[in-house]
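Visitor: Taken in order, these protein sequences are the chains called V and E. Number 768 in the numbering used here belongs to position 378 of the first sequence; there are no gaps in the numbering. Number 107 in the numbering used here belongs to position 102 of the second sequence; there are no gaps in the numbering.
Do not rely on the hints blindly, as some may be mistaken.
Said to hold, decoys possible - Interface residues of chain E toward chain V, partial, derived using beta-carbon atoms under 7 angstroms: (1) M77; (2) V80; (3) I84; (4) L89; (5) V92; (6) N94; (7) A96; (8) G102; (9) Q106; (10) P181; (11) D184; (12) V229; (13) W267; (14) E270.
Unchecked claim - Taking lysine-lysine and the DSS-like style, the derived pairs with C-alpha atoms no more than 30 angstroms apart in a straight line are: (15) K431(V) - K225(E); (16) K274(E) - K501(V); (17) K274(E) - K464(V); (18) K494(V) - K274(E); (19) K221(E) - K873(V); (20) K274(E) - K457(V); (21) K274(E) - K626(V); (22) K481(V) - K173(E).
Since the hints were made in silico from the structure, they are not lab data. Just so you know, these numbers come straight off a predicted model, no measurement behind them. Backbone N, C-alpha and C fix where the C-beta goes; we use that ideal spot for every residue, glycine too.
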Amino acid sequence: MRTNLIQNFIHTQTNPSAKKEAPEFDIHHELKNKKFIKPLKGQGRLINDNILYTPINMAKSISYDIKALSSAAKGDANDHQLGKLNDLGMKIGGLAIAAYLYTKRQTPMTKGMEFVGLGSFFASMALWPKIALQIPAQMIHGFNVQQKYEDSMGRKKPFFQDPQFLPWDLYSDEEINKIGDTMGVPRNIQNRRDFIQEKMKKIAIQNNTLWMLTAGFATPIMSALICNQLEGPFSKIITAIKNHSNHKTIEDFKLSQVKDDSLIKEVNELLSINKNQPLTNKLVEQISNMITKDFISKNLENAVSKDLKNMFESGNKVINDNSINIIVSASKKALEGKIAPEIIEEIIPTQEELLKYFDYEKGYYQAEQTNITLNRIFRDFSRKIISNVEEYKKAHPDTPGLATRTVIANLNRLSAKNNPIMQGLSAETYATLNANNQKTIKKVTRAFNDLKNDLTVLNNYALEQLGNRAETTIANLWADTVKTFIKEIRLTSSQVEALKDDRLPITDVIRKSYDYIASDKTRYKKFVKSMLKQIYKINNTINKLDVNDDLLHKAEATNYDKALDKTFGKFVEKISQIGGLEHVKKELVGSDFYYRFPYNKNGSYKEIYKSMVKHRLLGVKSSFYRIINSIATYRRVAVGNLEELSGFNNLQREIKEDIIEMSKIVGINAHSADFYTKFFYLREADIDPNDKSNIQCKNGKVVYKYIKPEKTAGKIDMPADSTQFKSSMELQYKLKLLPETEELFKPFEGLLDEFNEYRKVIYDKIGDIKYIEKVHHRTFTEANDLNDKVIFELLGAATDQVVHNYCKQTYNTKQWLKTFGTAGAALLGVTVLAQFFFGKMKTPKPIPQTTETKKG
Amino acid sequence: MILPVSSNTNQQLNFSADKPDEKKYNHDTLLRNNFSTRLRIGMDKFTNAITLYPAKGLKGNRNANFYEFLTMGQVPYLIGSATLMAVFNSAIKLFVGPEAQKAAKPIGRKMALGVIFYGLAKSMSKSLITTPVAWLTGVDTNLPYAKVNYELPDDIYDTDITSIEYHKVFESVEFPRWDLLYKSSESKRPRNAYYDKVAKKLGLGTKLKDSDQEVKPRIKEIVVKTNLAQNITSYLWAATGVALAFQKPWEEFFNVATFKFWKKEEFRKSLSAFGRSLEESLYQFYHGDGSKVSKYAGKALLFTSLGASFLGVANVMLSAQKPSKLDSADIIDKERKYVVN
C-alpha cells in the first residue's frame, strides 16, 4: 500500500504553524479527536464557466502549459502536466506539418488552407464529443457527460475520465437530485443519490466508449467538411487582401523593390570558370541563355547572343567546326563545272578527315592562328587534295581529260580573298573572355538582373490579378459570376449530374431557361440585375486605373502600363549607356521607330506584357456580356419587338423563324473556333413564298409554325444567301436595346456604355457578312482583319461550355460531399440514437409508505 | 486500490475461467522489456481495445476503468488514419474527367502515405530518446509490468474476478511502482540490485547503503525529462515523416504500387519503385524541389527534429550528472500540502 503522506505529514509536525493551515481546519481540534481525522477539505469544483470565460480559460491554459513545460524541463512535473505536454507536442507537430506544407503550396489560398486544415482538425476533435455526445446526453439524461472539474491543485480534468475514481462530493445533493428527476428516477427510493450516481457513471462509461469508437470516423470527416465550407469565405478574404495589396503595389510602383542578385552570381561563376577561354559560339550561347533564362524567349536569347558577339573585342582567326564546313563546301563550289561532281567528292577531304587532322594539330585547333600556321595548314590541305587526285588517277586510269592537277594549282594560286581554302580558314575570328569582355557581359547581366527583379513585381501583379491560374482575383470573380448565373437559370443538382458528361444537351437546357426568364418581365429584370451586379463587381474589384480591357473601357495609360513603361524605360536607359544592344532593345521594347509611338502594337516583350492583362480581362467580360446580350435578344423576341430589324417584315415566315431560332442558339453555344459552322439553316430548302405572316408568341415564347428547334440532322446551307447571318447578327448586336433593358443598367454606372460598345465592336468586327469565310463558298473576296484570338476575346467563352465546366467541377465537389456528408450524418444519427438506450438500470423498489407518511 | 476479496490469491484456487494450464499472473509482475513482451502486450491491448473493452464500455460495466478507456484510445487513431486516407482517396474514382482524377490522385495518395509515415515516425522516434537514456542511465522508462486487477463480480456466477492490465513502472511520475524494482528474497540478489545498478550508472558510486533512497529522486527527474522529450520530439518526427511523404518522386511509386504480393512480378516492381522513390524523395526533401523556400524547409524540419531529440537526451543527462545527497527530509516538502489521489 502507498504511504499516506498526509498522515505522515501530520504526525511529523511538532510545531504546526497556524498560519499555513487550510481555512476551517483546526489541527488541534482534529488531533484531540483522532477518530475524526480526515484529509484536508477538498478545494475542487465543477467547471461550469460560460462561453464568455473562454478567452480567460484559454489564457490560463496557455499559462499552465508554459509552466508545465518549464517544470518538465527541470524534471519536476506531475502526471497531469506531462499529459498536457503531450497535447502541446501534438499541436507543435501539427504546426510543423502545416508550416512545411505551406512551403509546398503555390497560392496564398492553398498555403493558408494548410493552417485552416490543422485548426479544423483540432476543432473537430473538440467539437465532435460536444455535438454528438455531450449535447444529446444533456438533453436526454440531464447531465453533462463531458463535465470537467478542477481539483484542489487547480488541475482541470474530465469528471468521468476514470470511472473508478469519481469525486462525487463535487456534486451537491440538490444537483444530483435534479439530474435524477430528469432521468425519471423515483423520488422515494432508498439511497437515491447512490442510485443516480451509478446511473450517471454507467451513462458516462457508455458515452466515453462511444466517443472512442466514433471519433476516428468523425474527426477526419468533420475536419474535411469544415475545410470544404471554409474554403469559400477564406478564399474571399485572401483575394480581397491580395487585391488591395496588389492595387497599392501598382498604384505606387517603385523600381528596385526586389533585390535579388542570383543571376549576377550565376553568370559570374560561369565567367570565372571560362576565364580567358575563347568565346566560341557555344559559350556565347551559354552566356546568353543564362542571362535571359527568366524571360523564356528564344528570340531574346538570340538577340543577346548577336549583340554580345558584336560587342566583344574581336581577336584573331580560329579554326573550328564552322570554318571546316566552309573550307569543304567552298572548295567543292570552286571546282564545280571544272571537274566532274563525282571526282570532286573523291578528292576533297571530308569534314571528318579534316577534323581528325585539326585534332592532331591540337595546339592550333580552336586556338589563335598566325599567318605562319595558316599558311602551313593551307599547304597541307592543298597537298592532301593533290595526293587525292593522284590516288584517284591510279584507281581510275581510264578516266579521260582529268586536268585536275592544273585546276587545283590554279585554285591554290587564287588570292586569299577568293581562295576557298583561305576563306574557310579566315572565316571565324575569335575573342577571348578577357577582362574587358567579362566587364561587358557583367554590365549586360546587371541590366537584365535589374529588369528581371522589377518585372517580378509586375509578374506577380499580373498573375495574381488576371493570370491563367487558380485563385486569382479574376478567377474568383469568374467563379462567383458563374455561380450567380447557375442560380439564376435554376440548374438543379440532378441536371448538374446529367449534364456533366455531355455538352450538347446543355444548349437546350439553357435555352428553355432563357425562354422562361425572358417571357416574364419580373424574372427578366431579376436575372439581368443579378448578372449586371456581378459584372459591375468585376469592374470595381479590379481597379480601372490599374488595368483595363482597352477596348470596352478606353482610358489613358493605366498604372500597370505606366509601371511597365517605367521598368523598360529604365532598362533602355541602362543598355543605351552600355551601347551596342540594338537587337535586345528591339526585342524588349521595339525598335526606335516604334518606341517613339508607344501605342503601336509592335509585338515587343513590353507590349506582350501590356496586352496579356487586357485580353484576359476582355475575355472574361465578353463572356458575361454575351449572357446579357443573349437574354436581351430573347426578351426582344418575347415582347415581339422586331419591326426595327431591316426588311424583316417582308421575309417569309419560315425564314423569320429560322433567324429567330438561330439567334437564340448561337447566343448560347457559338464557339469562337466554330462560330460560322452554326449558321446552317434550320428551315427547308423549299419554303412557302407567300406566307409572310408575323412570328407568334404565346406567353412570351415563340410558337413556331415551320421550324423545329430540336432538329439536329439534315441542316441545309445556302452559301450565296447571307440574309440569315446578317439578320441574326443585326438582331443580336445592332438593334438598340429595349428601354426596359437600358433601365436595368441605371444603378451600374458606366456599364451601359461599355455594353453598347461591346455590341458595337462585335457587330463591326464579326456581324459583317464578310466575316463568313467558308473556304469553298465565300461570297466576298474581301476578308475582315480578324484572327481567332480577337474573335475569342470578343465572344468570350460559349455559355454552354461555361455551364458544362461548372457541372463537371461541381459534380466532383458534390460527389465528395455526398459521400462523406452522408457518412458523417449517418454517424451522427447513430451516435445520438444510441444514447437513448444508455443508462438502463433496474430501479430499486420504492420505500413502502408508512401510515404517518400517508397521512402527512 | 481494491483489495482481493479473499486471502486466496496466493493459493492454487483459481477464480479465472481460463484453462488451468494457461499462464496467468497472480500478483503484479515485472516484465522484461524485449521485443516478444512488447509484441505480446501490444497484441493483447489491441485485441482488447477492439473487442472486450468496447463491449464492456457500451454495456456500461461497473468495472470499466481508466486503463480500458486509455487502451481504447488506439481505436480512434487507427480508424482515424483509415478514414483520413479514405477522405482523400475513395471519392477520386467518382470524379468526372481524367484531369480531375489525375489531379486528385497524387494528392490523395500522398495524404495516405503521410498518414502511414506519421504513425511510423511517431512510434519509432520514441526510441531515439528512450534507448540512449536507458543506455546512459540504466533507467528504462518503458519497463512494463503486468498488473492484476481485482474486479467486482458482474453477478453471482461470475468467478473470474481478475483482469490483467499492462502498465509501465514509470507510467506515473508521481507514483512510480518502486516496489516492483526491489528484488525478492527468492531471486537471491541484493534487494537494491536495480537501484545499485542505476546508482553506478549515474556515477553515485557502488556499495551504497541506501541506493534506493539515493536514486529515486534522480530516476523521477529522468523519467519526467524523458517523457517531455518523447512527447515533443515524437510529433516533430511525425511531421518530418509527413513532409517526406509529400515529395513528388512518390508519384512514380503510386503509379505501380500494389499490395498483391501473390502477383510476384508486379509486387517486385512495386517494391523496387518504392525503394527508388524513397531515395529520390529523401533527396528532394533535403535539397528541395527547386524553389527557394523548399531548399531550406526540409533541412529546417529535419534538423529541428534531430536537434530536439539531442537536446532532449542532453537535458536528461544534465540532471543525471548533478551531485546527489538529498536530505531525506527534503523528500517531503513540509511547506506543501499533499493530496493522495
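Visitor: Decide, hint by hint, whether the structure agrees.
Guide: Now for the hints, and whether the structure bears them out:
1. Annotation: interface hint on M77(E) holds; nearest CB of chain V at approximately 4 angstroms, less than 7 angstroms.
2. Look at V80(E): its Cβ gets to within about 5 angstroms of chain V, closer than 7 angstroms, so that hint holds up.
3. With a least beta-carbon distance of about 3 angstroms to chain V, the hint placing I84(E) at the interface is held under the 7 angstroms criterion.
4. The criterion of a C-beta within 7 angstroms of any C-beta in chain V is met by L89(E), whose closest approach is roughly 4 angstroms, and the hint holds.
5. Below 7 angstroms, beta-carbon pairs count as interface contacts, and V92(E) has one with chain V at about 5 angstroms; its hint therefore holds.
6. At a threshold of 7 angstroms, the smallest CB-CB gap from N94(E) to chain V is about 11 angstroms, leaving the interface hint violated.
7. The interface hint given for A96(E) is met, as the beta carbon of that residue sits about 4 angstroms from the closest beta carbon of chain V, less than 7 angstroms.
8. Of the supplied interface hints, the one on G102(E) holds, with its beta-carbon coming within about 6 angstroms of a beta-carbon of chain V, less than 7 angstroms.
9. Residue-level restraint check for Q106(E) is violated (minimum Cβ-Cβ distance to chain V is 9 angstroms; threshold 7 angstroms).
10. Taking 7 angstroms as the C-beta cut-off, the interface hint given for P181(E) is violated, the closest approach to chain V being about 10 angstroms.
11. Taking 7 angstroms as the C-beta cut-off, the interface hint given for D184(E) is violated, the closest approach to chain V being about 9 angstroms.
12. Annotation: interface hint on V229(E) holds; nearest CB of chain V at approximately 5 angstroms, less than 7 angstroms.
13. For W267(E), the interface hint is violated, the least distance from its beta-carbon to any beta-carbon of chain V being 30 angstroms, above 7 angstroms.
14. Residue-level restraint check for E270(E) is violated (minimum Cβ-Cβ distance to chain V is 34 angstroms; threshold 7 angstroms).
15. Between K431(V) and K225(E) the CA atoms are separated by roughly 28 angstroms; this keeps the pair inside 30 angstroms, and the hint holds.
16. With a C-alpha separation of about 35 angstroms, the suggested pair K274(E) and K501(V) falls outside the 30 angstroms cut-off, and the hint is violated.
17. Only pairs whose Cα atoms come within 30 angstroms are accepted, and K274(E) paired with K464(V) is rejected, the gap being roughly 51 angstroms.
18. Our distance criterion of 30 angstroms between C-alpha atoms is met by K494(V) and K274(E), whose separation comes to about 29 angstroms.
19. Note on K221(E) and K873(V): the hinted pairing is violated, with a Cα-Cα distance of about 69 angstroms set against a maximum of 30 angstroms.
20. With a C-alpha separation of about 53 angstroms, the suggested pair K274(E) and K457(V) falls outside the 30 angstroms cut-off, and the hint is violated.
21. Restraint check for K274(E) and K626(V): not satisfied, since their Cα atoms lie roughly 46 angstroms apart, outside the 30 angstroms limit.
22. For the hint pairing K481(V) with K173(E), the CA-to-CA distance comes to about 25 angstroms; that is within 30 angstroms, so the pair holds.
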